[in-house]
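Those sequence lines, one after another, are chains A and B.
Read in order, the letters of the first sequence are residues 2 to 359 in this note's numbering.
Read in order, the letters of the second sequence are residues 2 to 359 in this note's numbering.
Simulated from the structure, these hints should not be mistaken for lab results.
Don't take each hint at face value.
Copies of one chain are not kept apart here, so a pair can be met inside one copy or by any two copies together.
[Stated by the list, open to error] Below, simulated SDA-like cross-link-like pairs (lysine to any residue); rule was C-alpha separation at most 20 Å, straight line:
(1) Lys278 - Asn44
(2) Lys80 - Glu159
(3) Lys121 - Arg206
(4) Lys121 - Asp155
(5) Lys80 - Pro158
(6) Lys87 - Lys121
(7) Lys231 - Arg38
(8) Lys121 - Pro303
(9) Lys87 - Asp155
(10) Lys347 - Pro37
(11) Lys211 - Glu230
(12) Lys211 - Val24
(13) Lys64 - Val24
(14) Lys80 - Lys121
(15) Lys300 - Asn41
(16) Lys64 - Lys254
Since the model is a prediction, treat every value here as computed from it, not as a measurement.
Protein chains: 2
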Amino acid sequence: MPKNDFVTYEQSGVNIDANDRMVERIMRSLQSTHGPRVINLPNGFAGLLRIDFNEKLFRRNYKQPVLVASTDGVGTKIKVAQMAGKYDCVGIDLVAMSVNDVLVIGAEPLLFLDYLAIHKLVPSEIAEMVEAVAEGCRQSDCALLGGETAEMPDIYPEGEYDMAGFAVGIVDRNRILDGTAVRRGDVVLGLASSGIHSNGFALVRQIIFKQLGLKIHDTIDELGGITVEKALLVPTRLYVRSIVKLLGQYRVKKVVHAMAHITGGGLVGNVPRVVPKDCNVVISKSAWTVPPIFQFLQKHGPVEEDEMFRVFNMGVGFVLVVAPDFADSIEEKLTHYGETVYRLGKITPGTGKVVLKD
Amino acid sequence: MPKNDFVTYEQSGVNIDANDRMVERIMRSLQSTHGPRVINLPNGFAGLLRIDFNEKLFRRNYKQPVLVASTDGVGTKIKVAQMAGKYDCVGIDLVAMSVNDVLVIGAEPLLFLDYLAIHKLVPSEIAEMVEAVAEGCRQSDCALLGGETAEMPDIYPEGEYDMAGFAVGIVDRNRILDGTAVRRGDVVLGLASSGIHSNGFALVRQIIFKQLGLKIHDTIDELGGITVEKALLVPTRLYVRSIVKLLGQYRVKKVVHAMAHITGGGLVGNVPRVVPKDCNVVISKSAWTVPPIFQFLQKHGPVEEDEMFRVFNMGVGFVLVVAPDFADSIEEKLTHYGETVYRLGKITPGTGKVVLKD
Numbered sequence: 002m003p004k005n006d007f008v009t010y011e012q013s014g015v016n017i018d019a020n021d022r023m024v025e026r027i028m029r030s031l032q033s034t035h036g037p038r039v040i041n042l043p044n045g046f047a048g049l050l051r052i053d054f055n056e057k058l059f060r061r062n063y064k065q066p067v068l069v070a071s072t073d074g075v076g077t078k079i080k081v082a083q084m085a086g087k088y089d090c091v092g093i094d095l096v097a098m099s100v101n102d103v104l105v106i107g108a109e110p111l112l113f114l115d116y117l118a119i120h121k122l123v124p125s126e127i128a129e130m131v132e133a134v135a136e137g138c139r140q141s142d143c144a145l146l147g148g149e150t151a152e153m154p155d156i157y158p159e160g161e162y163d164m165a166g167f168a169v170g171i172v173d174r175n176r177i178l179d180g181t182a183v184r185r186g187d188v189v190l191g192l193a194s195s196g197i198h199s200n201g202f203a204l205v206r207q208i209i210f211k212q213l214g215l216k217i218h219d220t221i222d223e224l225g226g227i228t229v230e231k232a233l234l235v236p237t238r239l240y241v242r243s244i245v246k247l248l249g250q251y252r253v254k255k256v257v258h259a260m261a262h263i264t265g266g267g268l269v270g271n272v273p274r275v276v277p278k279d280c281n282v283v284i285s286k287s288a289w290t291v292p293p294i295f296q297f298l299q300k301h302g303p304v305e306e307d308e309m310f311r312v313f314n315m316g317v318g319f320v321l322v323v324a325p326d327f328a329d330s331i332e333e334k335l336t337h338y339g340e341t342v343y344r345l346g347k348i349t350p351g352t353g354k355v356v357l358k359d
Numbered sequence: 002m003p004k005n006d007f008v009t010y011e012q013s014g015v016n017i018d019a020n021d022r023m024v025e026r027i028m029r030s031l032q033s034t035h036g037p038r039v040i041n042l043p044n045g046f047a048g049l050l051r052i053d054f055n056e057k058l059f060r061r062n063y064k065q066p067v068l069v070a071s072t073d074g075v076g077t078k079i080k081v082a083q084m085a086g087k088y089d090c091v092g093i094d095l096v097a098m099s100v101n102d103v104l105v106i107g108a109e110p111l112l113f114l115d116y117l118a119i120h121k122l123v124p125s126e127i128a129e130m131v132e133a134v135a136e137g138c139r140q141s142d143c144a145l146l147g148g149e150t151a152e153m154p155d156i157y158p159e160g161e162y163d164m165a166g167f168a169v170g171i172v173d174r175n176r177i178l179d180g181t182a183v184r185r186g187d188v189v190l191g192l193a194s195s196g197i198h199s200n201g202f203a204l205v206r207q208i209i210f211k212q213l214g215l216k217i218h219d220t221i222d223e224l225g226g227i228t229v230e231k232a233l234l235v236p237t238r239l240y241v242r243s244i245v246k247l248l249g250q251y252r253v254k255k256v257v258h259a260m261a262h263i264t265g266g267g268l269v270g271n272v273p274r275v276v277p278k279d280c281n282v283v284i285s286k287s288a289w290t291v292p293p294i295f296q297f298l299q300k301h302g303p304v305e306e307d308e309m310f311r312v313f314n315m316g317v318g319f320v321l322v323v324a325p326d327f328a329d330s331i332e333e334k335l336t337h338y339g340e341t342v343y344r345l346g347k348i349t350p351g352t353g354k355v356v357l358k359d
C-alpha cells in the first residue's frame, strides 16, 4: 500500500510543522522574562523557578512562604482584538487579570503560564500573542515559565481563539491580606484604570457593534475622534510594580489593610470581598471623573448607572484600604510610582456593602 | 425611562445568577482537595498554599526548593466527552496532563487550577466537570486552589467548551531530573497507560466517527463488544502516587535518572526529551502488548505503525530511565504500588533517538 494512502495526524487537522516553526520565536519571548530564579531546561516537561530563600534571589527573605495562585481569561475582549487583527493588547490583559489578583493578597508575583487554543495555528500570530504575554510578564517582574498552544479546528470556529493565564506569587504568612485588618475609619484609595480593562466586553460589544453598528476602524466623535479599536483595546493596567514597591516600604508596620482588583462586578462587587461584614465602604463619586468611554457606553446603551458600576471599573482598577494615619504618605508614594490615586472614601459601620455617594 | 428599557449585562448574553448557583457545589469540590497546607480565604482573589517547610506539612524538608509549573488542555477528547454527555473523564484527564508533566522533573505536585470556558453555562454540568477535576486532584494529593469558569457564547459554538489546567509542584534543587544523569547501560522501564489518554484525538475521531461512521453508543465487536464511549473515555492514568512514593524510597541514592510522560509525539517524541544527545533509547516492541484499541485504530485508519508510535502512547504512558543495578527493585516497588511495569529496553551510544526493535 503506497504511503500516502495512510492516514496521518496532519491530515486529520493538526499541523505539527507549523507548531515547530513557531516554537523558536516563543522561546525567545519566554527567555526575555527569565531572571536568575529560572532554571533553564531545554525541551523540559515543565518550567522551573527557584525559591530557595537564602541565596538573595528575592528582595525579601520569606520566613513562612505561602504560594498564591490565580487563573483567568480575558473574556470576549478577544473578539475585539480579533476584529482589529491585533494580538498584542490581550496578551498583556491576560497577565494583568491574574497577577493583579495575586497582588491583592499582598503577594509578589513570581511566575506565569499561558494556554492558547485556536481554530488554526498561524505561527506569526501565535508568536505575537506570546510576545505580548511576555511583555506583560516583564512589566510584572514575573517569569513566563511555559505555556501550551493547541490547534483545535473542531472546537473553535474559523478565526476564533481563547486564552487562559495562570499566575503564582509568594507572600509571607503573616503578611497575607485577607481583609481582617480593615477597621472603621480606614481610608479607601483608588488607582486609575487604563480603560475598560478586560471585563464587561459582552455588553461593550453589544452596544458598540450591534446597537450603534460601528466598525472597528470607525472613529467616535464623542471620544475626540479616536477609533473604536483605540477606545476598546487599551491593555489592562498592571499594578504589580507600584504595589510590590509600596508593600516593600512597610515591612514592619501593617498599614495596607486590604486591596481589591476591580474586575467583573465593578467596585460594588469586588471591594466587599475584602471588607468585614460589619463594615461598609462609602465611596464618593465626586472623588474622580468617570472616563469618557464609560460615559459613552452608559449614554448609548442606555445603561443604568447602577448597572455600569456592577459591570465596569468606571475608571478605578485597583483599590487599597489603608490606615488613616498613613493615607497621605501612601497616596504620595503611589503617585510617585506613577499611579493616579483617588481618595475614594472610607470604611464605616455597616453590612459589608459599597455605598456610592454623589 | 422604565427600568427594563435599559440594557443589562445579563441581556447581553452572560448569566450571572447561574454562575452563583454553581459556586457552592464547586466550593465543596475544591475543599475536598484541601489539606493542612491550604489557607482558606472565602471570596478571595487567589488561592493560598503554605510552603513553610519547618512545620511538617511536607514529607520532605526541602533545602533548596524549586517550583515546577506546567499547563495543558485535553485536546479534542473533549468532543468525545461531549458526544457522550459525560463530563467526569476529561476532568481527571485535565489534571493528569499537567501533574504527570510536573512529576517528570522529580517534583511532588502541590496545587492545581482549572480554566473552563463554555458556550452556555449549565450549572449542573460545570459542577460535574469541576468535581471530576477535584477527583483528579485528590488522586494526586494536590490541592485544587481555584479556577475560572467563563461563559462565552460568541467564541464557543453551541454545545462547545474547552478546559485548561495548571499545576505547580516542588522539588529540591539537587534532585531535579533533567536527563543529565542518564548513562549508557541504563534500563528503560515503561508504566502501562490506561488507554489513549488525552492525545491523538483528532486522528481517533477521524477514524472512528468519520471513516467508520460509528456513533458514541455503538458497540465494537473487535474490542469485545464494548461501546465507543467506553473504549475512548478512559481517564488518563495518574502516576503521581507511585512515582512520589518511589522517589521517597531513594532519598540519598540517585537511582532514577530520567522520566518522561508519554503524550503527543508518543514514545519516539517524548523519551528523547530527557536523554543526552549521545545516547539512543533502544526499545523492544516485544516487551509489551499494544492494547487492542491502538491495534483497532491502526487497522481501520489504516495508519502506519511509525505514525501510530508518533501520535499515541501505544500502551506505555510513563517512562523511567534507571540505574541498571536498581532496575529490579524499582520494577518490584512500582508493581507493588499498583503499576504494570514493562522492561522496555536500555540506553545505548547513539544520537538522541528512540530505536524501536521488533
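Any hints from earlier that this structure breaks? Give me their numbers in increasing order, please. Of the numbered hints given earlier, those the structure breaks are 7, 8, 10, 12, 13, 15, listed in rising order.
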